[in-house]
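**Q** In the order they appear, the protein sequences are chains V and S.
Position 314 of the first sequence, counting from 1, maps to 1474 under the working numbering, and the rest follow consecutively.
Position 669 of the second sequence, counting from 1, maps to 706 under the working numbering, and the rest follow consecutively.
If you are wondering where the hints come from, they were derived from the structure by calculation, not from laboratory data.
Careful, some of the hints might be misleading.
[Stated by the list, open to error] Partner residues aside, some chain V positions facing chain S, computed with beta carbon under 7 Å:
(1) L1198
(2) Q1215
(3) G1258
(4) I1262
(5) Y1356
(6) G1413
(7) Y1421
(8) M1422
(9) V1424
(10) M1466
[Claimed, not checked] No more than 27 Å apart at the CA atoms, straight line, and that leaves these computed lysine-lysine pairs for DSS-like:
(11) S:K253 with V:K1210
(12) S:K233 with V:K1306
(13) V:K1318 with V:K1292
(14) V:K1210 with S:K233
(15) S:K253 with V:K1253
(16) S:K383 with S:K408
[To be verified] What follows is a list of derived Cβ distance ranges for each label pair:
(17) V:K1204 with S:R87: 31 to 41 Å
(18) V:K1318 with S:D74: 30 to 40 Å
(19) V:K1346 with S:K158: 13 to 23 Å
Note that CB positions come from ideal geometry on N, CA and C, so glycine has one too.
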Amino acid sequence: MFKNTIKHTNVDVRRIYIYLIILTAFSSLCIPANLFALECINTKFLFDIKPSANQPSDMAIAPNGDIYLVDGVNNRVISVDSNGRWKFSFGSKGSDNGQFRIPLGIDISDNGKVFIADTGNHRIQVFDLTGKFLYMFPVKTGSKSKSDPVDIVVSKLKNYLYVSDNDNHKIRVYRQGGALEFEWGKFGENYGAFRYPGMMVLNDFNEVFVVDVLNTRVQKFDPFGEYITDIGSWGVLEGSFFRPKGVALDTSGRIFVSDSYMGVIQGFTDLGRYAGVICNKNQKRAFNTPVGIIIDKDNRLLVVEMRANKITVLKLLE
Amino acid sequence: MPHISRIKKYAAFGSLILLTVMICQSAFALDMSSKRDCVVCHVMWLDDFRTDKESLIDFEPGNVLMKDTQGVVSSEGMCYSCHDGYIQDSRHITWNFNSHPTFVKPSNNINVPMELPLSVKGELYCGTCHSAHGKGASSHGDPMGRTSLFREVNVDSSLCEKCHRNEASYKNSNSHPLHTTTSLKFPDELFEPGSKLEINRKQVTCQSCHKIHGAKGKKILIVDNGDSSLCMLCHKEQGAIAETKHDLRLTLPDEKNVKDQSAAESGPCSACHTPHRAAGKKLWARPLKKGNPATQLCLTCHGEDTGYEIKGTGKHSHPINVDPISKENAADALPLFAEDGSKSPKGKVQCFTCHDIHRWDPDSADNRGGKSVEGDSSNSFLRISNNFSSSLCLKCHTDKKQIVTSDHNLEVTAPKEKNIQGVTPSVSGPCGVCHIPHNANSDHLWAKEPFGDKDFVTQLCTACHNENGAAREKLLGINFHAVDVTLKKFNITTTLPLYDSEGNVIPDGKVVCITCHDPHVWDPNNPIKDYPGKNVEGDARNSFLRKTNSPSSDLCKACHEDKAFVDGTDHDLNITNMEAKNLLGQTVKESGQCGVCHLVHNSPNKIKLWAREYGKISRHEDIADALCNSCHSKGNPAESKIPLIATHPEDKLINNIMRSDRSQIDYAPIYDRKTGEEVHVGNISCPSCHNAHQWSPLVKSKGINQNLEGNATTSFLRNVSYDNICIDCHGLDALFRYKYFHDPVERVEPRPSGVNIVR
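Hey, can you work out the whole structure from these sequences and the hints?
**A** Structure (structure tokens):
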């Protein structure tokens, strides 16, 4: 049919082909940006929690649903209930038991132990849910350099504690009592190496997701530090990171990653395929320096917005 | 077919073009990829902005590639994306509390050099000071000032001083000293909030007080200085000003300093001092008038016409800007100040010499006094407590120390006496009873109401020494030494001080009480060591006399030089009768030579302030003879020297008009018979011929300390016989008459008329 038409109309087919080819070639250079809309994961804003924190970093949810927020610049941990109502705080500036020096990371075990990465004191401190100091252990590097523990996660597997040593580009694994089990990582861009590992999260298989900040990726390891895969790439397009900071998983295994510079949170499937950016009514939702993120059992996405000094609580709609 | 082959050909050509374009694009991308480390900050260099896909952040054109110019690369958000703790944690420093202003245009006081760029809007931005490529960039910092990605090295605040040149040039701009060695000890508390000294930790830099990021105080001070707590970290002693009257938050809370800050806003230190661009030396923050030198800053508030309802210094106040009485003593005891207000041993007495204006109570930093407490000599911002023993005054006025152990210490002798401030001696101290440094009655800082109508100084003394005064038991009596008189008319010169009507020492001044007395020194030679506590009875050796008057009457002789020849003669009772007593019961040892015959105060006898009972005189004798007879009579000290006769015939009035000049050797005074005053016509009496103070008329010298027998050329005669008043009437006959004047046998009786003749 097409051929006939050509014949009948006596059009110079060759010329059409040439035009098409040239058009195709140049169109790749000349197509304007924003031609394609962003993939969205829609959410609904629920409320903000503003507990008078100063540049908070990370949070964890206790078995009873209370939220524990690391208010590191104020050298304390704030506890609010699941609706954001103030409960109490604990900690002060110092290096004694129960005191902090610019802590950054937190996790809470199923049995209600609160683990704090007391960054400036180069140690892990453990409290009960009321803020009562239980014990502490130092994070050592084995060399002259000091450790820089910025996050901690508690594993159900052997009760391992995974500690990200940011300045030393390592993940150190401890028993809950503080005995070092093993560690992995070094400075670099290869798989299993890091450039400033930051926050972490575990999935149901006790696999470890580590935000590799300057390598702009999230690396996934088995519980013993064997590299499995990584998520994200370098850039400012969808599925890319510029300053990834927080990582969280939802019940379906989706992986969410906050980017503090771009002010976005992106979602990935459990296989690491880009799923979309957190939106509100199909419009990209902008966060003010999002860092620690978490998704609770009610499928609420809680986002620590560091420079906004608040936790934003959203409902994941999909 | 040919069509097909052509199509293939064109397709191949098109593909080639497409491939070329793709290769070019990917080559460009490859080139950019090699810059990944750069793009850690230079985000706009990302290839992603050059694709057809929507980026998660917007592309921001402009200044992307311009070196040293503000762009996204040096935005605060970019800095924070690494310094949030997950590469480097600067939250508690850079984004905590207060930071150096950014995104504002520099003020007129700031000179930003070319090497420190401003934004395209001419504003300060992060990149003005910071650059990953700067000379001062170093990941971990070092002592050479390379840290925090500084654009320039920052050795001892050198980066700050590139812009803040006025403050750096502190001497010219009256700003807080920098880079100077100080005796202050920098406390550890200073460094806790982030203070930095010079590398050797001995000298102040900008960053000693200021913190560029994370400053807790306004004006990016390391701590909130609203209560001057930062100042007081180093200036601990001055911190005692808080809650005193000089804490203007209490006393003048709405009063503003030169920076237009009220005292309530500025804090106690900054009410008077500002660290930069002060009104004057000492970082003075209050309005200065002409004539308010650095050394007299107090007057900016305590001056006459400031309008403040606070204490002024009054018309009569302790002199300032003067040399201390004794530089050696003063410099050791109290600080002296140079013209620029700095302490200097060669300086002068200023307000700060006596006052430590930062401390209310010199003995207790805890005693702040408060707003309404009236001060006294134990506090009042004095450097040394001045009550009890007037220690402060006496640090300089060391020559007045003896007053403490004397009857003039009214704390002992008149403890209830009050000065014009209504303060008793125990509160004012011994000096403060009579002198107050401010708001006094006179230039001599008199603290008493003057009394009487005599000369000024006498009024001061009689303020106590009057019938109702504190010293009512020590009055002058009816007859006392003349005061308020000049010596010139007597042709007397003296080494003692003479005074004008204002109480100032002048060469031609008058004799006043303090010509002879130094009210501060009881004993001119020997300070009292064991002061009994009250009302010591004095004598000629002490009694606040300027010179001791016993055993030699040096004080009297300081004026009465011609009377000094009495020493060592028969009339010096040290030689002839040491046991003889005057009317006060004093021996010559107690009264001195002069005091044997003359009482300066409280003499019952007006004539010559005679210190003895007048001697008996016969019908023919004058009252002047009674003075001599008081000794030269029976039962008295000179009873062995009683002339057989000593009268000139009555009614032979003698005129001495030609012999009345005291300075001439032929001086022959004639006295009124009853009053004893010198007259020119009358009878002769003992003193007409005798000068009781000089043994020989020809030898103006002291005696030889022996009881001598006289003759016609000695014997205290005023003149030799050939030139005495006798010859005026008797001519040469006088030689004989003179010889037999005291000899009733040899002497002829007067004849009814004519001239007496010798038988």
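**Q** Hint by hint, note whether the structure agrees.
**A** Against the structure, the hints come out as follows:
1. L1198: 6 Å, holds
2. Q1215: 5 Å, holds
3. G1258: 19 Å, violated
4. I1262: Result: holds, 6 Å to nearest chain S Cβ.
5. Y1356: 5 Å, holds
6. G1413: 23 Å, violated
7. Y1421: 4 Å, holds
8. M1422: 5 Å, holds
9. V1424: 5 Å, holds
10. M1466: Hint on M1466 of chain V: holds, closest Cβ of chain S at ~6 Å, below 7 Å.
11. S:K253 with V:K1210: The hint holds at about 22 Å.
12. S:K233 with V:K1306: Roughly 24 Å separates the two Cα atoms, so the pair holds.
13. V:K1318 with V:K1292: 24 Å, holds
14. V:K1210 with S:K233: 35 Å, violated
15. S:K253 with V:K1253: Holds: K253 of chain S and K1253 of chain V sit about 16 Å apart, inside 27 Å.
16. S:K383 with S:K408: 36 Å, violated
17. V:K1204 with S:R87: 31 to 41 Å: 35 Å, holds
18. V:K1318 with S:D74: 30 to 40 Å: 38 Å, holds
19. V:K1346 with S:K158: 13 to 23 Å: Once the Cβ atoms are compared, 44 Å apart, the range 13 to 23 Å for K158 of chain S and K1346 of chain V is violated.
In this structure, the hints that do not hold are numbers 3, 6, 14, 16, 19, in rising order.
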